[in-house]
Amino acid sequence: MSMWEYANPKKFMGWTGPVLPWLFGGAALCLITGLIWGFFFTPDDFRQGSTVKIIYLHVPSALMAINAWMMMLVASLIWLVRRHHVSALAAKAAAPVGVAMTLIALATGAIWGQPMWGTYWAWDPRLTSFLILFLFYLGYMALWAAIDDPDTAADLTSVLCMVGSVFALLSRYAVNFWNQGLHQGASLSLDKEKNVADVFYQPLLLSIAGFVLLFVGLVILRTRTEIRSRRLGALLRREG
Amino acid sequence: MMPDLGKYAVEVLLAYGVSIAILLGLIVLSWRQSRAVKRQLEQVEARRHG
Amino acid sequence: MIAVLLRDLKLATRAGGGFGLGLVFFLIVVVLVPFGVGPETAVLSRIAPGILWVAALLAALLSLDRIFALDHEDGTLTLLATAPIPLETVAVAKASAHWLTTGVPLTIAAPILGVLLQLQPVAVGAVIVTLALGTPALSIIGTFGAALTVGVRRGGLLLSLLVLPLYVPTLIFGAEAVRRSADGLDATTPLLMLAGITAGAVALLPFATAAVLRMNLR
Numbered sequence: 270m271s272m273w274e275y276a277n278p279k280k281f282m283g284w285t286g287p288v289l290p291w292l293f294g295g296a297a298l299c300l301i302t303g304l305i306w307g308f309f310f311t312p313d314d315f316r317q318g319s320t321v322k323i324i325y326l327h328v329p330s331a332l333m334a335i336n337a338w339m340m341m342l343v344a345s346l347i348w349l350v351r352r353h354h355v356s357a358l359a360a361k362a363a364a365p366v367g368v369a370m371t372l373i374a375l376a377t378g379a380i381w382g383q384p385m386w387g388t389y390w391a392w393d394p395r396l397t398s399f400l401i402l403f404l405f406y407l408g409y410m411a412l413w414a415a416i417d418d419p420d421t422a423a424d425l426t427s428v429l430c431m432v433g434s435v436f437a438l439l440s441r442y443a444v445n446f447w448n449q450g451l452h453q454g455a456s457l458s459l460d461k462e463k464n465v466a467d468v469f470y471q472p473l474l475l476s477i478a479g480f481v482l483l484f485v486g487l488v489i490l491r492t493r494t495e496i497r498s499r500r501l502g503a504l505l506r507r508e509g
Numbered sequence: 009m010m011p012d013l014g015k016y017a018v019e020v021l022l023a024y025g026v027s028i029a030i031l032l033g034l035i036v037l038s039w040r041q042s043r044a045v046k047r048q049l050e051q052v053e054a055r056r057h058g
Numbered sequence: 037m038i039a040v041l042l043r044d045l046k047l048a049t050r051a052g053g054g055f056g057l058g059l060v061f062f063l064i065v066v067v068l069v070p071f072g073v074g075p076e077t078a079v080l081s082r083i084a085p086g087i088l089w090v091a092a093l094l095a096a097l098l099s100l101d102r103i104f105a106l107d108h109e110d111g112t113l114t115l116l117a118t119a120p121i122p123l124e125t126v127a128v129a130k131a132s133a134h135w136l137t138t139g140v141p142l143t144i145a146a147p148i149l150g151v152l153l154q155l156q157p158v159a160v161g162a163v164i165v166t167l168a169l170g171t172p173a174l175s176i177i178g179t180f181g182a183a184l185t186v187g188v189r190r191g192g193l194l195l196s197l198l199v200l201p202l203y204v205p206t207l208i209f210g211a212e213a214v215r216r217s218a219d220g221l222d223a224t225t226p227l228l229m230l231a232g233i234t235a236g237a238v239a240l241l242p243f244a245t246a247a248v249l250r251m252n253l254r
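Residue numbers (the numbering used here), protein chains in the order written: chain D, 270 to 509; chain S, 9 to 58; chain R, 37 to 254.
The set of hints was computed from the structure by calculation and includes no laboratory data. A hint or two may mislead.
Calculated from the model, a selection of chain D residues having no Cβ within reach of chain S, i.e. all distances over 10 Å [said to hold, decoys possible]: (1) Val288; (2) Gly294; (3) Trp413; (4) Asn445; (5) Gln471.
Pulled a few chain D residues facing chain R out of the computed Cβ check, cut under 10 Å [stated by the list, open to error]: (6) Leu349; (7) Leu404; (8) Tyr409; (9) Leu412; (10) Ile416; (11) Asp420; (12) Gly433; (13) Phe436; (14) Leu439; (15) Ser440.
We put the CB at the ideal spot given by N, CA and C, even for glycine.
The whole structure should be built from the sequences, with the hints applied where relevant.
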């Protein structure tokens, strides 16, 4: 198994070990501060009442859901071009985190929408796009699981990620076209930061920072697990 | 201590509850997987070098 | 390339090749829908464009795993990969065979089945046009998906999971074009988008498909 002879995974394990506790510590700090600040110490919105507090979860998770996929795309490209195994494993590691973010975005979006739209799911274009993204994540993870050879799996999932990205963008446009009539400039305009008042903005920033740090920490943790897992597999094969 | 969430109390608490549950679930799962693989690897490497 | 195409067509239309399967499936789904949603004409008429499109999409899925599976099993695929014709051309040939044996029959059958769903007569043209424009996309996207899963045993379900989200833009614009036509509105925009997606997919996906086949054959 030649992978382990590359300096890359060793170096990666080397520097990520000490960095992880800081990442998780920072994430906890930002998240707890941001959420407590937002939950307990911000006013209600004029139109939306206390549901505006959901913004501190919905916006960061939605941002991370997209960013996770983009990170997977970049990592996939690096794998295809430079054949860095750490990159391929990082993409694989990021997918479940992306799924969790997407789920949180969907759940909080639907729950937030209930009092505003009167229904838990109104096929709002933005939420629908996240639902489609969720399916893309699932497909990506399923393909990784279905292919035995790790390098082939990395190759195939990388191409899927690239093609999927194009179609995800197309879907976004299509879904906006498909449901343009119903929610023109509606409540989700709160997602745009320029529409968010200062008093909400700061805890929101903290929360976003917390989510970002948590994402990075989790992906690094999971990538380390993948690297170890590969090494384990290689050793067991040599034994058996 | 709890702010007056008014008529939307259920929704807000539900949203926070679900989100935190998913996050904690992911963190715990990732942590457990990491520890399990690390332990197995140490065992196998000990066998090799021991 | 013609040789590959003709060979695939012959294989598909032979007994056991699954040729009529897609059509029958199309029929069955269309028949099932009124049982599910009730026979009320107004309701059926409203959802007919969508049902026809979704059913066609699902029927197209059925024959996808055959595209490469049989050739992979008996080693023909490896031969094709080392043959002088580019693998991209093979991908196009295979997708074309799929389209001719699945997409085209579906397109022709759709207006007839539309009668069962109380499709507005004014929308019949749109049904034919959108399916004619959209089914090539379904075939080439499906071929890409089949290439991804060619090495996976029992990969049919995985294939569906991968391909169906990729079908969403085509479905949205195709069905929307028919709906607008049924309401007497201008359907140019969705038609153009539909054609654009098909054109882009046909132009670019063969390269991705060939790359994936090479990866799987290594």
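Evaluation of the interface hint that places D:Leu412 against chain R, nearest CB under 10 Å: holds (7 Å)
Holds or violated: is the Cβ of D:Leu439 closer than 10 Å to a Cβ in chain R? holds (4 Å)
For D:Trp413, which was marked as not at the interface, is the minimum beta-carbon distance to chain S over 10 Å? holds (15 Å)
May I ask you to check that D:Val288 keeps its beta-carbon over 10 Å from the closest beta-carbon of chain S? holds (15 Å)
Is the shortest C-beta separation between D:Leu404 and chain R less than 10 Å? Hint holds; D:Leu404 Cβ to chain R Cβ min 4 Å, cut 10 Å.
Quick one, is the D:Tyr409 hint okay against chain R at 10 Å, beta carbons? Holds, because the Cβ-Cβ distance from D:Tyr409 to chain R comes to roughly 9 Å (cut-off 10 Å).
Given hint D:Ser440 near chain R, where the shortest CB pair must fall under 10 Å: holds (5 Å)
Hey, does the D:Gly433 contact hint survive, CB to chain R under 10 Å? Result: holds, 7 Å to nearest chain R Cβ.
Quick check on D:Leu349 please, does its C-beta sit within 10 Å of some C-beta on chain R? holds (9 Å)
Does the no-contact call for D:Asn445 survive, Cβ to all of chain S over 10 Å? Per Cβ check, D:Asn445 is outside 10 Å of chain S; nearest 25 Å; holds.
Given D:Asp420 as an interface hint, is its Cβ closer than 10 Å to any Cβ of chain R? holds (8 Å)
The output says D:Gln471 does not contact chain S. Does that hold with a beta carbon cutoff of 10 Å? Holds: least Cβ distance 17 Å, greater than 10 Å.
Consistency note: the structure conflicts with none of the earlier hints.
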